[in-house]
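Participant: Using the hints provided, position chain B relative to the given structure of chain A.
Single-letter residue listing:
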Amino acid sequence: MIKIECVFRPGKLEEVKEALGKYGIHGMTVSQVIGCGLQKGRTEVYRGTEYSINLVPKIKMEVVVPDYHVDRVLEIISSVAKTGKIGDGKIFTYPVTDAVRIRTGEKGEDAIK
Amino acid sequence: MLKNLWRLVLVTLSMLLLPGLAWAEDAVPPAINAGDTAFVLMSAALVLLMTPGLALFYGGMVREKNVLSVIMQSFIVIGLVSVQWVLFGYSAAFGPDIKHIIGSMDWAGLANVGQDPNTDYAGTVPHLAFMSFQLMFAIITAALITGSFAERMRFPAFLIFTLLWTSLVYDPLAHWVWGVDGWLRNLGALDFAGGTVVHISSGVSGLVAAIVLGRRKGYGTEPMIPHHLPMTVLGASLLWFGWFGFNAGSAVSANGLACSAFVVTNTAAAAAALSWVAVEWMRHGKPTVLGAASGCVAGLVAITPASGFVSPLAAIVIGLVAGVLCYLAVSVLKTKLGYDDSLDAFGVHGLGGTWGAVATGLFASKAVNSAGNDGLFYGNAAQLVTQIETVAVTWLFAGLATFIILKVVGLFCKLRVDADDEEAGLDITQHGEEAYAANVSSGTLFRDTMA
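First to last, the sequence lines map onto chains A and B.
Per the working numbering, the very first residue in the first sequence carries number 65; after that it's consecutive.
Per the working numbering, the very first residue in the second sequence carries number 218; after that it's consecutive.
Here chain A stands alone, though its shape is the one from the complex (with noise of 0.2 Å):
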């Protein structure tokens, strides 16, 4: 099992959610989250003091899924949460070594299902 934790622009959220779930992917989890990495972001002013507000919103969704839909996952989301321009967001992937579903005790890809 692979955890994939993406990082995009809010504004894609529904879209990659549809997109994954027409994939047959439903679980995952989302929060709202703020960061930087290329992207500037951008001024703020308040009575004349200038700020400037480079941790930008962004949603970071976190799926775990079996290795075999790692790759199709991974292509969706890049897809997308494409937009082409700088602060489009990361993907990262870590290795899962199990997971237990609360309310069955099923374990493994079982419990991912």
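No lab work stands behind these hints, which were simulated from the structure alone.
Model, not experiment: these values are computed from the prediction.
Check the hints yourself; a few may be wrong.
So the derived label-pair ranges between C-beta atoms look like this [stated by the list, open to error]:
| no. | chain 1 | residue 1 | chain 2 | residue 2 | range |
| --- | --- | --- | --- | --- | --- |
| 1 | B | V534 | A | G101 | 46 to 52 Å |
| 2 | B | K631 | A | R165 | 54 to 60 Å |
| 3 | B | S454 | A | G91 | 45 to 51 Å |
Yeah, the Cβ is synthetic: ideal placement off N, Cα and C, and Gly gets one too.
Facilitator: Chain B in isolation, oriented as in the chain A frame:
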């Protein structure tokens, strides 16, 4: 009761013994006008509403962890000053004069302040109505100062400071400018609704407090941006609304002068909102909402001393200048000099009030208010000199007295919160509460305290 009965007997006897007509007429109490009384009481209520409005105005501008502490500082002032005013504050400010400096304690506990008018101040409304109206000014003045030391003052020190400041700065100053035989009033100073008494005094005192307490931890390096601008706009709107009571109500009569004050108040606020937004749009490329809210307050401050003496066209000029001046004060002057006037009590009230007091000396006209005077543009340069003298006296007195009060309070009560408490925020450390409890997701209930 007994006292009143005794007075009645004396008056009756004197009328019997001295049947001269003039004597009898003098004994008849002046007539109360229902319209004026309703207007003054409503105005007092409007001015009271400005203080919770100020709490929201300031509350939105601080960081989330300090919003309650700032709101509390404004709100508790209503309690503190209301009681002080009844006990001795009103007497000190408006009571019978002692050597042009302070009112005597003849009216302490509101003795001799009753349902009949006091013709020295307002001939057609009960003295109690005038007293209440003036109370609301004392309240908001003390609350205005809190903007300068927001996010770092300990609550106990704040309470002691406010009580002393109101008693030792506000009350004497109100007596000097507005009290019968007050020395600045005798000098001919014009301050219709509190440019010197309210705004310069609070703004300059705020600056001194900001300097004595020192800058907030992380000031200049960490972002300290407003956490809830809609709250600030709501507060500014309530201030604007209440300010009609502040300025129009200062006519203490529902008459043409009140209407004139109403119109110039709105006009100056509107003009200042426009000019503040325009200048920051030019400098930073965007017209901000905080700028519009701040601009209207700057205009309201500046028109306050002039509101009973100037025409609507003068109000436009006063407002336009106030917007630009106060914007430059908070964005350029504050940065250059490096003081941390957290929410710009000095930049907006101190300097806006100073401009308003000087502008009164420029634009005042007897055509607007025959009881006032002409200013420089109407051929009376002396009025401008008087206004400048009054401003200088207010700056010096408020600044020095505030410095001394803070140093004395600091001797027995720590003024500033610890660095750790400042980091954690004043809401939790001073008041044990959080403004936005959604942040609390876990905790243990102390069941034994609930039994």
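Participant: Now tell me if each hint is right for this structure.
Facilitator: So, going through the hints one by one against the coordinates:
Roughly 51 Å separates the CB atoms of V534 of chain B and G101 of chain A, a value that falls within the hinted 46 to 52 Å. Take K631 of chain B and R165 of chain A: their Cβ atoms lie about 55 Å apart, and the range 54 to 60 Å holds. For the pair S454 of chain B and G91 of chain A, the supplied restraint of 45 to 51 Å holds, since their beta-carbon distance comes to about 47 Å.
Of the numbered hints given earlier, the model fails none.
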